[in-house]
Amino acid sequence: MNPLVELALLFGQLSLLMFGGGPTILPEMQRQVTEVHAWLTPREFAALFALAQASPGPNMLVVALIGWRVAGVAGALVAFGAICAPSSVLTYFAAAAWYRFRDKAWRKVIQVGLVPVTTGLIGAGAVILAATTTLDWRTALLTGVATVVLTATRIHPLAVLAVGAGVGVSGLLG
Amino acid sequence: MYDTTVRPTLSALFMGFFTVGICGFGGVLPWARWMMVERRRWLTGAEFTDLMGLCQFLPGPNVINISVALGARYHGALGSVVAFCGLMAAPIVIIIVLAIVYDRFHEVPWVRDGFIGLAATASGLVLSMALKMAAPLWGRPVAIVVALATFGAIVGPRWSLLTVLAVMAPISVLIAWRGRL
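Line order of the protein sequences matches chains A and B.
In this text, residue positions in the first sequence follow the numbering used here: the first is 1, and each later residue adds one.
In this text, residue positions in the second sequence follow the numbering used here: the first is 1001, and each later residue adds one.
The hints are simulated quantities; they were obtained by calculation from the structure and are not laboratory data.
Where is the CB? At the ideal position from N, CA and C, for every residue including glycine.
Accuracy of the hints is not assured; some may be wrong.
[Stated by the list, open to error] Covered stretches of chain A, as calculated for chain B (at least 3 residues, CB under 8 Å): (1) 25-32; (2) 121-129; (3) 156-167.
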């Protein structure tokens, strides 16, 4: 199949499964991109994700990077268009209905019911991603320290990312 | 809190979201709120919270859903397209330039080492966000069990997302409906 069509189908589908924001689909995206389609190795996937985190804009930009890796600039635009279009069309039509149903009990039940599922999915995505960036005890320690610092302090994430890159450049990770 | 709102023109919609796209390092939502509520007064704080609820409930990237819903509210489909393009114009160009630079230099030893550090730290950023999102479940045993079962199904047998959602979402909504969550 044409890679642009494959990109459009994969990310168009993921767009509609992305409940609670991007991190929900991280494990599935990683599985599809590194195992099912084998476009990237898990290490390359983690590196592209890091690049998207360090860049301004929504971190779903990692999708554009994957598309770019598969089929150049056209791949980037098709993949990013596919991850945005289905959910955006749905949002466009749902916005009016949402106001109409905002006091309905069933709407609140669905909202409350989805929270633990989303939380589990996001946790799984984080653990799977961390497993691919953990090469030895030093990278594990760096991830652990970054997790604690970003959870317990209000230091800007970009500053923490810059320090992490600096630790790597200095050769401390071997 | 302001209680009057301003109706944005199409070019203001574009420029407002363009600023958010450029500023949004490591999380775009706080910038989106600041721009729409405090800086430009397109929405009151309460309206923003309501809009945010809609965008979290629907699938898709939250901030992109916000741009689509807000654009639609003031200028229909054209407004949605303009707000979306404003938000994404700068980030998509920047990321492609960064990708080309990365491709050119990622074999250089210090660049490769820097990326190993950057990637490990980015994992910390995602783990930290997962912990912050899990915090409200503390002290709610049923919700914790549902979250752990979802987590286990993905991390252990590597079930596909579609399977996990098809099984866990109805179970969890049913538990919530019985008031046990």
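Task: Enumerated hints in conflict with the structure, sorted upward - done: none
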